Amino acid sequence: MSLYYVILQQLINGLILGSFYSLVALGYSMVYGIIKLLNFAHGDLYMVGAFVGFGTLGLLGGILGVGWLGIAAALLISMLAVGLLGMLVHRAAYQPLLNRRAPRMSLMITAVGVSFTLFNTVMVMTNGEYETVNTSLGYSGISLGPVNVTYTQIVMVVATALLMLALHWFIKRTMYGKAMRAIALDPDACRLMGINVTKTIGLTFFVGSSLAAAAGVMAGVYYGSIQFFMGFIIGLKAFTAAVIGGIGSIPGAMLGGLILGLLETAGTQLPFIGSAWKDVFTFGILILLLVFKPTGILGKSEIERM
Amino acid sequence: MRSHLRIPERFSGTKGRIVSLAVIIILIILLPLVANNYVKEVITNAFFYMILALGLNIVIGYAGLVDLGYAAFFAVGAYTTGILTKAGLNFWLTIPIAVIFSLIAGVVIGGPTLRLRSDYLAIVTLGFGEITRITARNLKITGGASGLVGIRKPSLFGYPLTHSSDFYYLFFILVVLAAIVAFRLHNSRLGRAWQYIREDEDAAAAMGIDPVRTKLYAYMLGAVFGGVAGSFFAVKMTAVSPETFAFTQSAMILMAVILGGMGKLAGAILGAMVLVLFPEVFRTIGQSRQLVFGIVLIIIMIFRPQGLWPERRN
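Protein sequence lines, in the order shown, are assigned to chains A and B. Residues 1 to 306, numbered by full-length UniProt numbering, are exactly what the first sequence covers, in order. Residues 1 to 314, numbered by full-length UniProt numbering, are exactly what the second sequence covers, in order.
The reader is advised that the hints may include incorrect statements.
Unchecked claim - Cross-link-like lysine to aspartate or glutamate pairs, in silico, DMTMM-like; alpha carbons within 20 Å at most:
1. Lys36/A x Asp279/A
2. Lys278/A x Asp166/B
3. Lys153/B x Asp166/B
4. Lys199/A x Asp188/A
5. Lys40/B x Glu243/B
6. Lys140/B x Asp188/A
Stated by the list, open to error - Covered stretches of chain B, as calculated for chain A (at least 3 residues, CB under 8 Å):
7. 84 to 94
8. 175 to 184
9. 187 to 195
10. 263 to 276
Unchecked claim - Chain B is nowhere near these chain A residues, computed Cβ spacing over 12 Å in every case:
11. Leu97
12. Ile109
13. Thr110
14. Ser115
15. Met123
16. Val124
17. Tyr130
18. Leu167
19. Trp169
20. Ile233
21. Pro251
22. Trp277
23. Ile287
24. Pro294
It is worth saying that the hints were derived from the structure and are not from the lab. Here the structure is a predicted model, which means the values were calculated and not measured. Beta carbons are placed, not taken as given, at the ideal position from N, Cα and C, and that holds for glycine.
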């Protein structure tokens, strides 16, 4: 009974955690797919998203309340704002290097610089303190035997699923999505075909960043507190998730996030791992995976030229 | 044509360089006679980062490999010395042991990962850096989250090193040694192999250079620099805590190398100096100095991607 309870409870926790990882991993994978850049700043966009959501909730809370309506508004505003921020980062920091066809090492270091800039900005603004996200969601929910699933948890998983479906539709069914996929294959040919490559890359940043912001707002609401450093570790985890699924692959990022979330919550329950060694466990998985199957579950193999 | 012109230029350059180098060294030696403790501490700190930057420069500049977890090697050295001196071993004897452990750490990190694509390497080294920090925080032997305190300061031929001037000179000697080793490495057979691999790995492999092994040597040697610096750091500070080795530390060392110019010895030294002196000079901006660093890093990559004082590549 108690084992069944633990497994079911951890399955739910893992699913929630995995949803956050998936959303962040998607942006990582999309940006990597289109310009082959490991956007180290991506985790920080998630963090900024959480803070914008928190700020919006504070401003709109008086009008819309701090329930579902207020949170939905905060989510949308944060997605929009961080999406634009992602585009700005692309334009200001990455595009000049892409224009020059700079080596990938320079791009990566720029990304580290962007990450530093973002999280230090938030650190200075918040004095490095934790902020508590107050909501009126409560803990009511439905009971599955001995396990209680809150409505908050259900809504988060459903919201994540909806965002992913929307993304899938966007990538597969719209002209913009088609342009993105084409650029990932051959940017020069796309230019000749009249596709505005720079704008499309900007759009990719917008979409990826807003998904990270959505995860940030939801994580803030779910865990109840946010801090400037929260983006760093999730950036690493989301990258791990993207690699598990196969970097550059959209379904791979979704799948990888869920697998990582479940593995990690299972890991905390194992003897000798526990929560103190959780991150070591995750990075251990990443390293083993990269050594033995670097293409991930759904990724295609490719030959690198630096 | 240009190479012909450059030969006399080089000769006069060497002469000028030796003179200016001698002046700088004399100034450094004389400085503690006039400077106060604060200035000496800051410059000692700069020396310390120079050693780390020279070490990381082997990995990034010479061999062209990314390492975002360099602080891990620094941690290995610091903890090895910290634990062993607390157990009663003489500080100077802990250094060879720290070197051995750093070498092992270099092999452990480099061995499985150096076959990976360069961007994967970045994230894996980052992950390893975090693993090292978390391990140090969770183990009993490393003192857990509070780290090690009360590490004894060393003595040299019976003379205890306690004053800030002692460490100033000690670290200066280390910088000189590190610079000589780095310089000799750069011009060695191995150094040329690194450059070859950096420029064209396939061509290097075709010429009979084993890329993985050669890259691994870069990691191991870089690790030794970090480890030795860590050993001296532990006895200078008399305390080691896991948070010293967080990602920001790795990023700082990386920035020193990038700022100065990848692959160039003087560049790494200059980068470390700017990195340490800049926040001291601009103390008033306080907390936001790392923010400024982030912006500076982006600007450098856009406008001067080769760093402030880059290597001249033919």
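Violated hints, by number in ascending order, as checked against the structure: 1, 2, 5, 6, 7, 8, 9, 10, 11, 12, 13, 14, 15, 16, 20, 22, 23 and 24
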